[in-house]
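Peer 1: For reference, the chains in residue letters:
Number of protein chains: 2
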Amino acid sequence: MSELRVFGITGIGEIRPRDDLAGIISAAVADHHGGLLDGDVVVVTQKIVSKAEDRLVPVDPDDPLSHKALVEQETVRVLRRRGDLVISETKHGFVCANAGIDLSNVELGYAALLPEDSDRSARRIRDGIRARAGVEVAVIVSDTFGRTWRRGLTDVAIGCAGIGAILDHRGTTDTQGRELQVTEVAVVDELAGAADLVLGKASGLPVAVIRSVDPAWLRTGSVRDEIVRDPSEDLFR
Amino acid sequence: MSELRVFGITGIGEIRPRDDLAGIISAAVADHHGGLLDGDVVVVTQKIVSKAEDRLVPVDPDDPLSHKALVEQETVRVLRRRGDLVISETKHGFVCANAGIDLSNVELGYAALLPEDSDRSARRIRDGIRARAGVEVAVIVSDTFGRTWRRGLTDVAIGCAGIGAILDHRGTTDTQGRELQVTEVAVVDELAGAADLVLGKASGLPVAVIRSVDPAWLRTGSVRDEIVRDPSEDLFR
Numbered sequence: 001m002s003e004l005r006v007f008g009i010t011g012i013g014e015i016r017p018r019d020d021l022a023g024i025i026s027a028a029v030a031d032h033h034g035g036l037l038d039g040d041v042v043v044v045t046q047k048i049v050s051k052a053e054d055r056l057v058p059v060d061p062d063d064p065l066s067h068k069a070l071v072e073q074e075t076v077r078v079l080r081r082r083g084d085l086v087i088s089e090t091k092h093g094f095v096c097a098n099a100g101i102d103l104s105n106v107e108l109g110y111a112a113l114l115p116e117d118s119d120r121s122a123r124r125i126r127d128g129i130r131a132r133a134g135v136e137v138a139v140i141v142s143d144t145f146g147r148t149w150r151r152g153l154t155d156v157a158i159g160c161a162g163i164g165a166i167l168d169h170r171g172t173t174d175t176q177g178r179e180l181q182v183t184e185v186a187v188v189d190e191l192a193g194a195a196d197l198v199l200g201k202a203s204g205l206p207v208a209v210i211r212s213v214d215p216a217w218l219r220t221g222s223v224r225d226e227i228v229r230d231p232s233e234d235l236f237r
Numbered sequence: 001m002s003e004l005r006v007f008g009i010t011g012i013g014e015i016r017p018r019d020d021l022a023g024i025i026s027a028a029v030a031d032h033h034g035g036l037l038d039g040d041v042v043v044v045t046q047k048i049v050s051k052a053e054d055r056l057v058p059v060d061p062d063d064p065l066s067h068k069a070l071v072e073q074e075t076v077r078v079l080r081r082r083g084d085l086v087i088s089e090t091k092h093g094f095v096c097a098n099a100g101i102d103l104s105n106v107e108l109g110y111a112a113l114l115p116e117d118s119d120r121s122a123r124r125i126r127d128g129i130r131a132r133a134g135v136e137v138a139v140i141v142s143d144t145f146g147r148t149w150r151r152g153l154t155d156v157a158i159g160c161a162g163i164g165a166i167l168d169h170r171g172t173t174d175t176q177g178r179e180l181q182v183t184e185v186a187v188v189d190e191l192a193g194a195a196d197l198v199l200g201k202a203s204g205l206p207v208a209v210i211r212s213v214d215p216a217w218l219r220t221g222s223v224r225d226e227i228v229r230d231p232s233e234d235l236f237r
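Going down the list, the sequences are from chains A and B.
At position 202 of the first sequence (counting the first as 1) the number is 202 in the numbering used here, and the numbers step up by one without a gap.
At position 236 of the second sequence (counting the first as 1) the number is 236 in the numbering used here, and the numbers step up by one without a gap.
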């Protein structure tokens, strides 16, 4: 029987610039959840990655223009504006609200920018966990994005390491022997969303572990290379 | 410790028109997985719901125009076309490729239309499971959709019952006491994606159970009322 376990990691305190995330996560899982295992998928929310990488920038909490200026600075292309909401493309190629800059769960007076390169952030955490805990895990950096035609937000992957971002079924056939039409599944996004179910926006838990994923998914992977859609193949930009 | 279990249900055979899905699912979970529990979330893929509701229509497997005509018939508005791909709005308000009509895992010579009303389908399955197994579960009907600016597909909810589609954090505060900016989480979509991780496109398993979700999520819910975005508030239609 194929069964996944999804659990939030307790015991991770407030993260500060230059904190060793891999060490902190390994220790918290060891202390509270029996330790990481080979093949675990560790989902780390963007906010603590940005904090550890010192991506905090000052913002005036009493001046909405201060946040707005930051959004413009992180934007390479504005797709739509409505009221205070800007849907824009970041230099990473993500299309999201307010260039991914959200003020929640950051110290007052600061905003957290997205990591410079979230695939690289994921690789560093994965390498650090290997060095500290001796296990081969996959790492996903997750963030919360809206969707074009559906209300509500979901968590998706903005970086990954040790797991393919896309599971490609091209060439496989369905139960009728017919070639599958749905061929590319964004498993890292489904994993990021699954992790959010145990993290929740208000709980403050910043890391989840997903155990027992298909070992075939564990390979070199990249959100930037596999998920970010090139504008030339994009029908809505 | 908050922990979810996600498992695919074995022992569900080929579904035919007018099959009793609630009975078949209850029996399969009882026979192979120890039975359903109060509070379980049962995720049922659209294909078998459409089959049980006899939404199969003939299509000529050798004539691509036959599929195309069906797509046009189920479309209320075309948003984009590129080659064979049509991004269109269905009468349900979903925006997706080919009006949600996919030929995979359907008998050759047939296509499966989306259920008329997937919230109603979910309610019927939920009521049937209560009647047959004596448990109060939530039900999600899931389908596989693409995303505007991200490659790869994920499973999302097209109908639900016994669970709120959106978890609304408006009015709650973050760890700093500041009102959360990310307020509406599409939990049914995150649950549908999590289920897909154990179903997979080629395995043929059509039902998953997610156990131990937050009981506060279990209420009356509707994908149509909560998730489908009204065109008037839509920036990309």
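To be clear, the hints were calculated from the coordinates, so they are not data collected in a lab.
Note that the Cβ used here is the ideal one computed from N, Cα and C, for glycine as well.
Incorrect hints may have been included.
Here's a subset of chain A near chain B, in silico, CB distances under 10 Å, partners left out [claimed, not checked]:
1. 23
2. 76
3. 96
4. 226
Peer 1: State for each hint whether it applies.
Peer 2: We went through each hint and held it up to the structure:
no.: 1; hint: 23; verdict: 21 Å, violated
no.: 2; hint: 76; verdict: 13 Å, violated
no.: 3; hint: 96; verdict: 9 Å, holds
no.: 4; hint: 226; verdict: 7 Å, holds
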